[in-house]
Structure formats: structure tokens, C-alpha cells
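From first to last, the protein sequence lines stand for chains A and B.
Letter by letter, the first sequence follows residues 1 to 217 in the numbering used here.
Letter by letter, the second sequence follows residues 1 to 337 in the numbering used here.
Note that these hints are calculated values from the structure, not bench results.
It should be emphasised that the depicted structure is a prediction, and the values quoted were computed from it without experimental measurement.
Hints are not guaranteed to be accurate.
Said to hold, decoys possible - Which stretches of chain A does chain B cover? Using the computed rule of at least three CB atoms under 8 angstroms from a CB of chain B, they are:
(1) 10 to 20
(2) 43 to 56
(3) 67 to 79
(4) 144 to 151
(5) 169 to 179
Unchecked claim - Just some of the chain A residues that point at chain B, by a computed CB distance under 8 angstroms:
(6) Tyr63
(7) Ile88
(8) Phe109
(9) Leu111
(10) Glu134
(11) Leu138
(12) Val185
(13) Leu186
What the hints assert, rightly or not - Under the rule of at most 25 angstroms between Cα atoms (straight-line distance), these lysine-lysine pairs were calculated in the DSS-like manner:
(14) B/Lys163 x A/Lys168
(15) B/Lys54 x A/Lys140
(16) B/Lys66 x A/Lys133
(17) B/Lys45 x B/Lys77
(18) B/Lys25 x A/Lys161
(19) B/Lys25 x A/Lys175
(20) B/Lys19 x B/Lys159
(21) B/Lys265 x A/Lys183
(22) A/Lys140 x B/Lys265
(23) A/Lys168 x B/Lys245
(24) B/Lys77 x B/Lys54
(25) A/Lys66 x B/Lys25
(26) B/Lys183 x B/Lys236
Backbone N, C-alpha and C fix where the C-beta goes; we use that ideal spot for every residue, glycine too.
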Amino acid sequence: MEISKMSSEEHTALWDRFRAGNQEAFSSIYELFAPDLYRYGYNLIRDKPLIEDALQELFLNLYNQKARLGPTTNIRFYLYRAFRNRLIDLIQNSRKYNREVELENNQSFVLETGEYEWMEEEFVDWQKALMMKELNNLPKRQREILYLIYIQGMSYEETAKIMEITPKTVLNGVKVALSTLQKYVLPVFKRNGVMAFLLFSLEKAATWNQLQLQLFS
Amino acid sequence: MSEYLPFERNLSMRYLFYKAEDFFKDEYFIQSILYPTAESESFWKQFLTENPHKQAEFEQASAYIKSLRFEEIEPRKEDLSRVYDNINLAIEHQGQSRIARLRWMAAASVIFLLCALGIGFLQYNQQGYEEYLTEFGEIREILLPDQTVVTLNSNSRLKAFTKRRNGLREVWLEGEAFFDVAKMKGTKFIVHTAETDIEVLGTAFNVKARHKGTDVVLNEGSIQIRDNNQDGPVLKPGDRVYIPKNNPHALEIENVEPSRHAGWKDGFLYMEDTPVSEIIEELQTTYGIDIEIRNESLLAKQLSGRFSTHPLDNLMEDLALTINANLSVENKTFILE
Chain A
1 MEISKMSSEE
11 HTALWDRFRA
21 GNQEAFSSIY
31 ELFAPDLYRY
41 GYNLIRDKPL
51 IEDALQELFL
61 NLYNQKARLG
71 PTTNIRFYLY
81 RAFRNRLIDL
91 IQNSRKYNRE
101 VELENNQSFV
111 LETGEYEWME
121 EEFVDWQKAL
131 MMKELNNLPK
141 RQREILYLIY
151 IQGMSYEETA
161 KIMEITPKTV
171 LNGVKVALST
181 LQKYVLPVFK
191 RNGVMAFLLF
201 SLEKAATWNQ
211 LQLQLFS
Chain B
1 MSEYLPFERN
11 LSMRYLFYKA
21 EDFFKDEYFI
31 QSILYPTAES
41 ESFWKQFLTE
51 NPHKQAEFEQ
61 ASAYIKSLRF
71 EEIEPRKEDL
81 SRVYDNINLA
91 IEHQGQSRIA
101 RLRWMAAASV
111 IFLLCALGIG
121 FLQYNQQGYE
131 EYLTEFGEIR
141 EILLPDQTVV
151 TLNSNSRLKA
161 FTKRRNGLRE
171 VWLEGEAFFD
181 VAKMKGTKFI
191 VHTAETDIEV
201 LGTAFNVKAR
211 HKGTDVVLNE
221 GSIQIRDNNQ
231 DGPVLKPGDR
241 VYIPKNNPHA
251 LEIENVEPSR
261 HAGWKDGFLY
271 MEDTPVSEII
281 EELQTTYGID
291 IEIRNESLLA
301 KQLSGRFSTH
311 PLDNLMEDLA
321 LTINANLSVE
331 NKTFILE
């Protein structure tokens with residue numbers, strides 16, 4: 001079962017079974033959500049041992065608290081919020097003991113190029129490189145907003161609560177990204193009309209990957 | 001922000017005037033691109049059939065969304081399963097430790113505790129204490145690392161150990177809290193208040209340490225009151241001891257119905273011939289509401305019974321009704337006359 005395909009009823013049912021002490025439900029929750037949390041963690045901080053510690057603490061705590069947990073229809077949101085808090089606690093604590101851990105480093109939330117179906121030849125590599133550069137120059141928290149909304153599919157409100165910011169700040173982040181996209185993506189559409197998006201070039205893919213390696217290595 | 005339901009009747013209407021940038025910002029649209037469902041696919045198919053002129057804006061917005069990609073890693077299967085095994089290992093150790101704890105020597109239980117808390121825990125809590133605060137009207141349940149559960153009443157502060165020192169589990173309380181202390185052989189649990197120290201070996205009790213003094217009510221188990229390292233009385237279940245601020249040596253012990261004193265946990269206040277003056281003081285310190293009495297004779301009245309504290313307006317109305325007073329509100333102050 002994929003998370004994205006789960007209805008809120010299924011979420012509720014799974015959560016309730018877990019709260020009632022069902023071991024299988026606990027392991028399902030882990031299997032369903034741990035990989036995404038891991039990816040999110042990796043975007044917050046490029047430190048796998050720390051991410052694994054946070055995951056472990058999160059699930060151990062979840063297990064211990066299960067009798068006290070309330071009902072929820074959105075496990076994913078619940079876990080993201082708890083996971084982010086836990087990770088930040090761990091980062092702050094390890095900072096005190098001089099482990100070289102930095103939440104604010106520029107390694108995190110790096111936007112990358114990919115093989116886009118809508119792209120066509122005229123959207124040349126240098127344009128794409130410019131777009132990526134501009135997006136990657138956004139403050140890290142704005143990149144996190146984009147990640148939560150456009151990769152993880154969180155709502156504005158969920159994103160705001162996970163990051164402990166206001167929904168308005170979330171919307172502003174979205175608007176800033178929009179203006180960059182309009183600058184680079186829109187002209188391609190204007191020139192080529194509606195059908196441009198259908199073009200998909202496999203030959204291009206190889207070049208883009210090389211470019212990405214040059215840019216981010 | 002979305003104040004709409006995805007399938008409300010006039011949703012199509014709403015999108016009629018959308019440009020690419022509006023689609024891009026629209027939560028339902030984003031969700032449909034990222035996680036299409038049968039419902040959303042058929043919705044957009046129908047929408048585009050009915051409004052072919054929206055096709056370009058639609059595709060453009062979808063291209064924007066697909067442009068946003070992040071450099072990610074695919075978590076390795078072995079990493080994920082190792083973490084999962086560690087979690088289960090920690091859970092197992094916890095279970096064992098509960099049964100075994102009673103039989104183990106104090107020294108052994110130290111090792112057990114390390115396992116039970118999870119490998120990462122102590123490593124990251126070096127300073128040894130954590131502080132918890134509650135606002136007016138907020139009640140918070142706290143799970144301490146030894147599995148003790150503390151319910152912290154409103155407007156209270158608890159400083160609690162994150163690891164043991166000299167074989168002690170120590171907490172400091174200003175305000176009111178209910179403690180359900182996990183039994184742990186050889187490790188005393190001590191609650192410090194301004195007036196006294198309460199020494200525990202595994203039990204449930206309520207402590208109220210507000211400005212007038214400290215009030216302790218024991219539900220189960222046994223506790224000992226200490227005063228500057230002098231042994232004080234040992235309480236039995238149902239005992240209530242009151243230690244006044246101005247004279248901490250003048251302890252008063254009486255027998256009460258303990259669940260009533262912890263009624264706040266479940267959103268109730270119990271009164272038993274309680275003077276109105278005391279109730280009002282309680283409401284002011286715990287819930288931070290302002291109450292003005294314009295008729296002094298009300299203060300001497302006494303009340304008995306159970307009052308729900310949620311919502312507070314209702315409580316005030318019930319109170320006014322019971323003491324036969326008029327209730328009004330001016331500038332966020334409740335006025336009784």
C-alpha cells in the first residue's frame with residue numbers, strides 16, 4: 001500500500017489499531033513512513049547517524065506513548081512534525097558537544113535538475129542552470145517550504161505547523177518560487193504553445209544528469 | 001489557503017478564472033499533480049473537457065510543479081531495518097526491565113535503565129535537567145525518562161531530571177502537579193517545593209505548591225515529607241498534609257478523598273464546604289482570570305460539589321448561580337455582586 005493512496009479512513013483505522021497495541025500496525029506505520037521521514041531528514045541535515053537516531057527516538061517514543069495518543073486522520077503530518085522537532089533537538093544537543101553538526105548548512109534542500117517531460121530542446125541547459133541557481137539561492141527555510149508542499153504534498157496549514165511558522169509565510173515562500181519559475185519556464189511555453197509539455201527526450205536525460213553532476217559536485 | 005472542500009459543487013466555477021500561477025498555489029491542484037487519485041483525475045478531466053481554454057494554464061502550472069525537484073537520497077533498506085531492529089530491541093528491554101526490576105540489584109538496574117531509555121537518550125541529555133512550563137488554562141502531561149507520568153496543572157513550572165544524580169530522581173515544582181511515579185528499586189524520587197521535600201518510592205499523589213504553601217495529597221503508595229533533611233511524617237493513602245509558607249514546621253495532616261484533589265486533571269474542581277474566597281483565589285492563580293467581588297458577604301459563603309472547569313465561562317455562571325450572585329463581565333474581568 002502506498003501512503004499517497006491511503007484514504008483518511010484507512011489512516012484512522014491503521015492509527016487506531018496501533019493505539020490499541022497491534023504490533024503489525026506499528027510495523028506498517030514504520031514501513032510506510034520511515035523512508036519519507038528519512039528523505040526529509042536528509043534534506044534538513046546531511047548526517048545519516050543523526051537522522052537514524054531521531055527516527056529511532058521518534059518511533060520508540062511513539063510506541064511508549066501509544067496509550068496516551070489521541071485519534072488522528074493524518075499520521076504523516078503528525079510524524080513529520082514530531083520528527084522535525086526531535087531532529088532539531090538532537091542537532092542542538094550535539095552542537096553543545098562540538099560535534100560538527102550544522103542545520104543551517106547550504107547542503108540541505110538542494111534543488112536539482114531532472115528529466116522533465118515538459119522540457120524541450122529550446123529550454124537549453126544554461127537556462128535551466130540559471131533557474132536552479134536562483135532557486136538554490138533562496139533561503140533554506142524557503143526551500144524547505146517548497147519541499148514540503150511540492151514534494152511531500154503537505155497543505156499550507158500542515159507545512160506551517162510542521163515548521164512552526166505562519167501560513168502566510170508559507171504562502172510567501174510559494175510566491176517567491178513562483179516568480180523564478182515564471183521567469184524561466186513561462187517563456188518556453190509562450191514560444192512553443194500547449195504541446196511543448198508532451199515532448200520528452202530520453203537523449204536529453206543523459207546531458208542533464210551530467211550537468212547536474214557538474215553543478216553540485 | 002483552502003477554505004473549500006475539494007468536491008464542493010461549485011469548485012469548477014472557482015477554477016474558471018484561474019491562471020497558471022493560481023493553479024500553482026492551489027492546494028487541491030498540487031495534491032492532484034503529486035498524488036493523483038481516481039477522483040481528482042476525473043475531476044480535472046471533466047474540468048478541461050468543459051473548459052478547453054484552461055488547458056494551457058493548467059499544463060503550465062503542472063510544469064512549474066514538476067520543475068521543483070530536490071537532491072534526495074534513497075534510504076538504504078539495511079539502514080531502515082537496522083533502525084527498526086534497534087527500536088524493537090529497546091522496546092523489548094523496557095518490557096523485561098519492568099518485570100525484572102524488582103529482583104535486580106540497584107547496580108544492575110542502572111544498566112537496565114540505560115537500555116530502556118534507548119541508546120541515544122543519555123548521550124544527548126548531558127545537562128541533566130529539563131524545564132516544563134504551563135500557561136494559564138493549560139494542562140500538560142509529561143513522561144519522564146523513568147516512565148513516571150507528571151500531569152502539570154496550569155500556571156506551573158516543573159524542573160525535572162533527565163538522568164539520575166547520586167541515585168536520585170529529583171524534580172522541583174512551583175505550582176500544582178499530579179505524580180504517578182514509576183517504581184524503581186533503590187532509586188528515590190524526590191519532589192522539592194519551596195517549603196518541603198517529598199520523598200517517594202513509587203506512588204501516585206498530588207502536590208500543590210502555590211504562594212501560600214505546599215499542599216500534598218496521597219492517592220496510593222507511601223511518601224515521606226522531609227524538612228531540611230529532617231524526617232517528617234510518612235503519609236498513608238488518603239492523607240493530606242498542608243505546609244504553610246509562613247510556618248513550614250506547623251504541618252497539618254487530615255484524611256481526605258484523594259481523587260477530589262486531583263480532579264483538575266480531568267477538568268473538575270471539587271469543593272467541600274470550600275469558602276468562595278478560596279475558590280476565587282484558585283481560579284485566579286490557575287486559570288489567570290480576573291474576578292472582582294462587589295459584595296463582600298459573598299466571600300464567606302461555602303460551596304460543596306463538583307464543578308466542570310471547561311469552559312471557564314460556564315464555571316463562572318455555575319458559581320454565580322450557586323452563591324446566588326449576579327455575574328457580569330467588564331474588560332475581561334468577571335464581576336460578582
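What are the numbers of the hints the structure violates, in ascending order? Of the numbered hints given earlier, those the structure breaks are 1, 3, 7, 10, 11, 14, 15, 17, 20, 21, 22, 23, 24, 25, listed in rising order.
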